[in-house]
Every structure is written in C-alpha cells, then in structure tokens.
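Peer 1: Here is what each chain is made of, one letter per residue.
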Amino acid sequence: MPDTGAYLDHAASTPLCAEASDAMVPMHRELYANPTGAHRMARDTRRRIDDARDVMAEALGAAPGEIVFTSGGTEGDNLAVAGRHLAAGGVAVCSAVEHHAVLAPVEHLGGRVVAVHASGVIDMDALAAALDDEVTVVSVMLANNETGMVQPLEQVAEAARSRAPRAVLHTDAVQAFAWLDVASQAACADLVSVSAHKFGGPKGTGALAVREGVALSPLLLGGGQERGLRSGTHNAAGIVGMAAAAEVVLKSRAKQVVRLAELRDRLADGLLGAVEGAVETGERSGKVAGSAHLCFEGVESEALLFLLEDAGVYASAASSCASGAQDPSHVLAAMGYDRGLAGGSLRLSLGYQTEAADIDRALAVIPGAVARLRAYGTG
Amino acid sequence: MRVLAAMSGGVDSSVAAALLAEQGHDVVGVTLKLWGGESDTGCCSVSDVEDARRVADRLGLQHHVFNFGDAFDERVVGPYVDHHAVGLTPNPCIECNRHIKFDKLMVRAEALGFDAVATGHHARLAAAESGFRVRRGVDAAKDQSYVLYMLDQQQMARLMLPIGHLTKDQVRRRAAALGLRNSAKPDSQDVCFIANRAGGRKGFLSRRLGESPATVVDADGAELGSVEAVQAVTIGQRRGLNLGGADEPRYVTKVDIDAGRITVGRREDLYTSTQDVINICWAGMLPLFAVS
Chain A
1 MPDTGAYLDH AASTPLCAEA SDAMVPMHRE LYANPTGAHR MARDTRRRID DARDVMAEAL
61 GAAPGEIVFT SGGTEGDNLA VAGRHLAAGG VAVCSAVEHH AVLAPVEHLG GRVVAVHASG
121 VIDMDALAAA LDDEVTVVSV MLANNETGMV QPLEQVAEAA RSRAPRAVLH TDAVQAFAWL
181 DVASQAACAD LVSVSAHKFG GPKGTGALAV REGVALSPLL LGGGQERGLR SGTHNAAGIV
241 GMAAAAEVVL KSRAKQVVRL AELRDRLADG LLGAVEGAVE TGERSGKVAG SAHLCFEGVE
301 SEALLFLLED AGVYASAASS CASGAQDPSH VLAAMGYDRG LAGGSLRLSL GYQTEAADID
361 RALAVIPGAV ARLRAYGTG
Chain B
1 MRVLAAMSGG VDSSVAAALL AEQGHDVVGV TLKLWGGESD TGCCSVSDVE DARRVADRLG
61 LQHHVFNFGD AFDERVVGPY VDHHAVGLTP NPCIECNRHI KFDKLMVRAE ALGFDAVATG
121 HHARLAAAES GFRVRRGVDA AKDQSYVLYM LDQQQMARLM LPIGHLTKDQ VRRRAAALGL
181 RNSAKPDSQD VCFIANRAGG RKGFLSRRLG ESPATVVDAD GAELGSVEAV QAVTIGQRRG
241 LNLGGADEPR YVTKVDIDAG RITVGRREDL YTSTQDVINI CWAGMLPLFA VS
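These protein sequences, in sequence, are chains A and B. For the first sequence, my numbering assigns the number 1 to the initial residue and increments by one for each residue that follows. For the second sequence, my numbering assigns the number 1 to the initial residue and increments by one for each residue that follows.
No lab work stands behind these hints: they were computed from the structure. In this text, a Cβ means the ideal position worked out from N, Cα and C, and glycines have one as well. Misleading hints may appear alongside valid ones.
Claimed, not checked - Label-pair distances were calculated between CB atoms; the ranges are: (1) Gln353/A to Ile280/B: 55 to 63 Å; (2) Gly368/A to Thr89/B: 45 to 53 Å; (3) His100/A to Glu110/B: 31 to 39 Å; (4) Ala311/A to Arg267/B: 30 to 38 Å; (5) Ser47/B to Glu355/A: 35 to 43 Å.
Unchecked claim - Below are the EDC-like pairs computed for lysine to aspartate or glutamate, each with C-alpha atoms no more than 20 Å apart in a straight line: (6) Lys104/B to Glu129/B; (7) Lys254/B to Glu228/B; (8) Lys254/B to Asp218/B; (9) Lys104/B to Glu297/A; (10) Lys104/B to Asp327/A; (11) Lys104/B to Asp152/B.
If we strip away everything but chain B, and leave its shape as in the complex, we get (with noise of 0.2 Å):
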C-alpha cells in the first residue's frame, strides 16, 4: 500500500514509518507545521522537522513537510483558548487529531493518492464483523486510544498504528537497533504551541484572554486567597493557586469565570457520579436506545 506516515519527529512516529517500510509498503513521510509562534516542545519546530527528515534519509524514505497552521490556529488553538475563557477543561491534542490529523491530512493524504495514513499512536485497530475498533496499545502506561476516541469506520479504514502492539521500551530498542537519532529522545508532554519560557499556561492565556482576578473559596464559600488570572484556572488543578502549605493538597473543583471564584476541595471532591457529554462519536453501530 502506499502509505503517508505522520512522522513528529518523535521516538514512535519514526518507528511506525520503519516498520510499515520493512513490511514492504511505499512509504513517504510528513511532519507538519502547525505552529508558527514560540515553543519549546511538540512538533512544530524547525529541530523536530530536522529529526523527522534526518529518519527519513535514514529510512529512505521520501519527506515532506505541509503547513496547517492556518487550520491549526483556527480549529486546536482558537477553540483551546476560548474554552478556558468560559471554564472548561480542553484537549487540544484530541481537538488536533479531529480535525488536523484525521481530518485535513487524511483528506489531502486521499487527494495526494495515499491508500493509508499512519500515525505513531500507541493503540491498535481491529478488525470486527460489525466493523473497526479503536483497542489499546498494549504498553498501558503510555496507552493512547482515548485521543483516537473521535475516529468513524471511514477514518478507521483509512489509518495504520504500525506501533500499537509494542511497548514503549520496544519501540526505543527497535529505534535504536535502527540507528535513528532520536531513539532516546524525550517524550512530548505538556501543550506542544506554548512554551514554558513564556510563562507557560498561564502566560499564553493571559496573552489571548487579559487577567481578571479571581477568588479561591473551599466548599463552604470561606475566602482562602485569590489568583490573578481566573482563565489560567482549569478543573482539577492543584498548582498555582496561592494558598500556601495546607495540611491537605486541595484540587480546584469548580471555575465560575463570570463571578470570579474559583473553588477548591479534596481529591475526593473531584469525584463525580454524573457528567454531562457533548461531542459524542458512535464510532461503531448507532444505539439502540434514545438518546437525547
């Protein structure tokens, strides 16, 4: 098959490249520029292009490079920011492999006459009569599968995960028995367009959205400190919030931008036996049962 592999720059996308070439597929690579402003991590920038066309050479494989930061700031960043700018809690990565991964580039991947597109994930496809399923990666720790929750049969016929059934050891010896660059290269965490030189979360944020003061309250409304930027608090986090050394570490469970409180518990306040769901995929059958 001819296949387009998402190469990052990164220990796995270079495996999967690799092993989908060993296994005798046309493979070109293509990492993709999405980010044009200041940052030190992920996959935007100029040394991980160079990873990226450096395993290329290495694997011989042709390399190319397409620039979605058009889309990228329209459909990841801008969303990103204005989710924090009402209170909620984004992904980016996932809203990324919405719309940039699974949707722009396997789009023009068909366009380009690609037959698949692969990605470094670390989850599986299978096979079932009643069609794909998303399986994890068997490495649990670095299991990926939920960011690939948003993925419909199409789009499931169209993807390889070449690195779904090693773990994360076995793809750092494989990379290193093939004598790729990276093959000790640090995972990417943390959000790949804001630099932690920048002030990080907080700075980018404060950037796009302004500072409005909030105050941080527990469960009963008592008044326990305040933080200067409400848009930079998200759900869950322990971080940055001024309240010096409680006995207890305490969680923000709740942002309320309009009235500017924040509110923070115990770990346990987080827990929560009802959610509301928005965005949701049936990636398989349609329920049986109404939903509304």
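Just chain A, same shape as in the assembly (with noise of 0.2 Å):
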C-alpha cells in the first residue's frame, strides 16, 4: 500500500466516510429528479432529502421544520448573521474568534466584536457591556476552529437573555460536531450552523436550524425552497450524503471521543515534551477531543508545514487565505498572543481516522523539524 502519510488537518475538512459516499451514488445516478417536482421520481428524491432533514433535526436537536439546508457553514453563519439583520435591524455582535464567515458580516454590517480572555474563552464582563436593546443577533462559536477551545454558550445565552431582549443567539458549530452533543450543548442557541465535511459528509452543503418564531431573512431569492429561506435546488446529493455521515456521528461520537482524546493528549504531551519552549494554546480540558494546537517560539508555521509536508505530515497553521498562503491568526491575537510566538502556531486536528500510527509519525517528525528551522534562526 502507498504510503498515505498521516493527515492531521480534520479540522480544514475530513474524508468522506463510506455510509456518506454510498448514500450519495444513487442520488447522481436514479434519484435525480428535481425533488420540488411533482411526479413520483421527484417524490421519490424528495423523500430521501426528509428522511435526511429528520436526521439532521435529531442531529442539531431540532424539529425537522426547524432545518434549512444550505451550501455549508459560511452560508449559514451568513444566513444567520445577515439574514437577521435583514429581518430585525439593529446591531450584531460576535467575538473576536469566530470563523471569518461569522466575523465579517459582523464588521460589514457594523456589529460589535467582544474581546476573549488569554484562555480563547469569551469576556463575560465585556459580553455583558456590548449587550443592549439594540442588539438582533449575537454569535459565539461553540468550538473554535483553530484552537478548540469550547465557548459557555449556556452563559452567553442568558447574558443575552437578559440584556439584550430581541437578540436570537447564534453558534457556529461546524467544528464542534464531530466531538460535542451540539442537540444538547446548543440547546440554548435559537440559530445553529454546521458543515457536512468536518464530520464526514461531502463539501458544499450543510444546515442551519432556525428555531420556530425566530425572524430570518433569506439572502437568496428564488423558488422559495426550504420554507422560503434558501431558495435554489437542493443539493440532494450533499444533503443525503451529510445525513448518513450525521448518523454514523451520532453512532459513534461517544466512542471516538474517548479514543481520539487519548491520543490527541499523547500527541500533545509528546510535543511539550519533545520541543522546549512549545505553548499550548488554551486549557486543554476546555478543547474539543481532536484538537491540538500549539505555538513553537522562533519557527514559522510556513516553514515547519514544509518540512512536515515533506516528512508525510499534513496539518495547518492559522487559517490559509484565498492565494494559499498562511496568513496571521486573528484568533491568536485575539488571545494576546504575540505576533512572534504566534507565528510559530501548528494546529494538529484529529479525526474518526486516526489511528496511533498518524501520531506516531508526528511524534517522530515534529520535534526534529523545530529545532532544524530554529538551528537556522529563522522559519
């Protein structure tokens, strides 16, 4: 067998699993027909499409009216910041570490950014100061995409509650579905965003759940599908393909979990370890299972990525930007870390593949490329 490497980047985006790719075939080949029609090939796509909704709603702990379907998690966070500004005026607020698909239409539309602490986890005390009437939407991630650190949601929501009476909460939890109970975690938030390929599922689809009774305007127009607020043919496909990799989360997330921490720690504590002066980003008891993020004083990430590419290890740094380079982590700044430190960032993220083998060979890799890099002063 070729020599497949060990990928640590679950959190850029995982590989689709085998339940999702045999559910999706049929949808390309028979079930094709456009499921708004209305002769039995376009019920019969229409009733896979339910039966997914019904997935996705246990999924999210939703009513299946409560899910809108969309093309992943950019659009809904999109559909949920902006789709509520459209509906409720006012001002929307978010903070400082949420995805860029939260942040910018925040700061487009003139919200409010809370600061977090050093930890990543929001200031309740500077939560509390952007909270007023005027506030529509408030938007905090559960889990962070590139530190995994997992925000109070239950706190958030009732410092909303009770300062900012028309706000709907928000959470991005496209990376926290893989690792956390987002039916139960999310419970508190009336608008909940995810994306099929961080847990399995195919790219370019993903749901958002829109409680009953909360005021969102769509941002496309069109045929009206999904209850008006997503117009445009489903992705049928993506959308089958996302429920069957739901259910194989649901199945077997408990498990995972406890696997994937075990390792995560081994890998984690191997690197602090193995490499002096590394940082761990964050408490680790507060991340998600997969996630391993850590800073390594005078390396830059660019530099260590290549040579870890270069040794058979995938991972990342910051979030890449749309010409491929690695661009300076707001997240990170966020947290007060310097620009120097911060620049030797490595996001590890592990997935429902990674076995020991993966950890292993970064383990061996790893502490040898740092001191390289550090041996020729510089990344």
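The task is to assemble the complex, starting from two chains supplied on their own in separate frames and drawing on the hints.
Peer 2: Structural data, given as structure tokens:
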C-alpha cells in the first residue's frame, strides 16, 4: 500500500465516510429528479431529503421543520447573521475569535466584536457591556476552528436573555459537531450552523437550524425552497450524504471522543516534552477532543508545515487566505499572543480515521523539524 | 540539485523553473505573498499566485506560497516611504532582492533543505578563479544584472539564473512551446505594491506621509509653479509638476523637503560628475585602496 502519510488536518476537512459515499451515489445516478417536481420520481428524491432532514433535526436538537439546508458553514453563518439583520435590523454582536464567516458579516454590518480572555474563552464582562436593546443577534461559536476551545454557550445565552431582549443567539457549531453533543450543548441557541465536510460528509453542504418563531430573512431569493429561507434546487446528494455522515457521528461520537482524546493527549504531551519552549494554546480540558494546538517560539509555521509535508505529516497553522499563503491568526491575536509566538503556531486536528501510527509519525517528525528551523534561525 | 524556484506568475520565472526541471533538477516552485494591500501589478495578487500555481501544475512541480508580508512591509515598503519623506529616490525592487529574495527566502530555502534558489532575472552568473561574478543577461534591453548588485559570494554560490542566456523573445517562445498560460503576459513594471487606480505613487505616498505643498523653481530661483505634495516628487521626474507646456521638457533636479522647494532644469542639468554612494557591496575581493 502506498504511504498516504499522516493526515492531521481534520479541522480543515475530513475524508468522506463510506456511508455517505454509498448514500450519495444513487442520488446522482437514479434519484436525480428535482425534488420539488410533481411526479413520482421527484417524490422519491424528496423523500430522501425529508429523511435526511429528520436525521439532521435529531442531530441538532431541532424539529424537522426547523432545518434549513445550506451550501455549508459559511452560508449558514451568513444567513444567521445577515439574515437576522435583514429581518430585525439592529446590531450584531460576536466574539473576536469567530470564524471569518461570522466575523466578516458582523463587521460588514457595523456590529460589535467582543474580546476573549487569554484562554480564548469569551470575556463575559465585555459581552455584557456589548449587549443592549439594540442588539438583534449574538453569534458565539461552540468550538473554535483553530484552537478547539469550547465557549460557555449557556452563559452567553443567559447574558443575552437578560441584557438584549431582542437578540437571538446563533452558534457556529461547524467545528463542534464531530466532538460534542450539539443537540444538548447548543439547546440554548436559536440558530445553529454545521458543515458536512467537517464530520465525514461532502463539501458544499451544510445545515442551519432555525428555531420556530425566529424572524430571519433569506439571502438567496428565488423558488422559495426551504420555507423560503434558502431558494435554489436542493443539493440532494450532498444533503443525503451529510445525513449519512451525521448518523455515523451520532452512533460513534462518544466512543471516538474517548479514543481520540487519548491520542490527542499523547500527541500534545509528547510535543510539549520533546520541544523546548513549546506552548500549548489554551487549556486542554476546555478543547474538543480532536484538537491539539501549539506554538513554537523561533519558528515560522509556513516553514514548519513545509518540512512536515516533506515527511508526510499534513497539518496547518492559522486559516489560509485565498492565495494559499498562511495569514497571521486573528484568533491568537485576540488571545493576546504576540506575533512572534503566534507566527509559530501549529494546528494538529485528529479525525475518526486517525490511528496511533499517525500520532507516532507526527511525534517522530515534528521535534526534529522544529530543531532544524531553529538552528537556521528562521523559518 | 534540489532547487527552490521563485515563481512570480510571470513568464520569466515560469520558464526558469521549467528549464531547471528539464535539466533534471528536483524543482519546487514558490510564490511569495508580499503585499496584502491594494495592488494591481506585480507579484502579489491572487491571480498572479494562480498563474504560478497553474504553471507549476503544468510542469508537474509542487508549488507553495510563502507569506513574507511582514518582512516586506518592514524592509521594503517602510524604507520606500521613509526615503521619499527625505527627498531620496528609492528602488524598492533592489531592497526586495536584498532583504526578501536573497536573504529571507534564501535562508528559508537552506533551512528547508534546498541546495539553491532560482529566479527569473535576466542576468547570468559566471564562476571565475576569484569567485562568482554577476554578468548581464544576453538581452541588453531586458538586462537586470544591476538589481543583483548586492549579492555576496555565498549568495551567488546558492543562486541559479536559468534564463540569463535567453532573450525575452526566446523566453516567450519557450513558454509558448511548453503551453504555459502566461507566455504572452505583459512584463511587470512600476512598483508592485502601488495600485494605479488608487492615485498611483502620489496617492500611496500621500496616504502615508500626508501632503506638504512646495514651490517649483528654476535653477535661478525663479518661481514657476507649485505642487500639492512634495513627498511624491523625485529627482528626474518630468510629469505631474503642473508647469504647463514649456518649450523644453523640464526635470526635477533637486528636492528640498524642509524648504518646500523643488528645483527643475533641463535634461543636461541632471548630469553630474560626482555622486555620493551608500550601501556599497564588495561582491568579490575587498578593495586594495582605502575607502572612507
């Protein structure tokens, strides 16, 4: 078998699971009729989408009628923030460590960005100060895409309830779904977005749960699909694939979390022990199980990732920009990391396919790569 | 050899990478992301990175993007602005070569296990008994040897200039024969981090330095007109001086920022028999005579 390397970049994307792949094929080959059509073939497609809706409703702790299928996390986040603004006006509030899919629309709409503590957890005093009668949407992610840190959503919901009576709470659960029981942990949220390719489903598919009674305006107008909230012919194969992947998650999540947290701990502890001056970003107990995030002083992430790739270890640093270059992390900046240390960040994210051998390989490769770069006084 | 080929997305560096691969070197392409601001020329835009990536794909090479934006801002853009602020005429391409391509990139290349860095400059390297020398490219009209003056012997030993023996026409024909998408792409000119649509150099400098007006005088001190921003005026400049249609073109011969005075003269007035020099680079042996 060819050496496929150690893929430790599941927070960027995951492989399509077999169940999703199997479920998708007939949607392309046989069940291709437009689900909004009037004939039997259309109804056959429609039934699969409705089945998928039931699964996603269970997965997100919502009613089937509260699920809106989207093209992924970015669309769900935009629909939540901008769609809420369109419907209710007012001010949008989010944390400084949100994904750009939330941060950019909030900033575009002139909203308020709330500071986080050095731990990466939202500063509740700053949040309280940002909340008032003007605020119509508060968006705080469940788990961070870079560090894996989990936010205290219940407290955020409580603050919003008491200080911003017009506000609804949105949570970007894109990075959380593979690791946390989103149905219960995001039960306090009115809007919950997920993206299929982060949990074994296909790219270009996601869902936004919209609690009954939340006023939201669509961003895409047209044929009125998804109760008018998201026009456009359904991505039937993607939706069915997402639901199949979600079923796998619901069945195996608890076990995988235990197994992968152990591997993650071995990885993070191994690196902290083997690399002098390595800093773990954020408290580990506050992170999702698949996330290991470290900073190495005196190293530039780009150069480190290059050496890791040469040795068959695939990881990432901060978010990549459109050109493929590594941009400085706004998450680490918000946590107060100086640019030097933040510039040496490494995100190793595990997934359901990760095995002990992947961890062994990373542990065998990373300390030497860091030492080499430090010896050259660069990255 | 394992060679890191700097690929801007332009035709010269693309052919340079292609030639090295043809010669059997183990080539990896890299495009530098240097500038996050507004720009419409040069080597920084997403579309240039895409050109470089697609050329690398076509040639079967791995391609990476390195973000040297912080260093570029500090070592190239900052000094560019500072020099204009005191009336000097900076050449940012040379500072980029000095600090980015032949320092930061070369050091990183070595750290990443590369034996050499290649660029698409129209210049050649010659090995002599006394060491390496930079020679002109064979295309006199495109020669870029002067932007490589700062190379020291160690850097020259680790540099490859694969297209210096080709004319620009030959490079373009080579690119076309290889089926490269950028074979007819226009040559890059001007300063890569300044966008024409945002007021060009004057707009760029005014945003960073503000604008102080200056009077324009001739060699005898007679006032001829005025400009809005003395910071954006540089020696040798002819356009944008608001002098109207004179009989003979007039050039800036002196910029006095403190006094807010620009002196203009004829073309001949730009000639000089003495010149102060800074940043001297002894590329070969040290001089045998004393230099103060």
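Peer 1: Of all the hints given earlier, name the ones this structure violates by number, lowest first.
Peer 2: As far as the earlier hints go, 4, 6 are violated by this structure, in ascending order.
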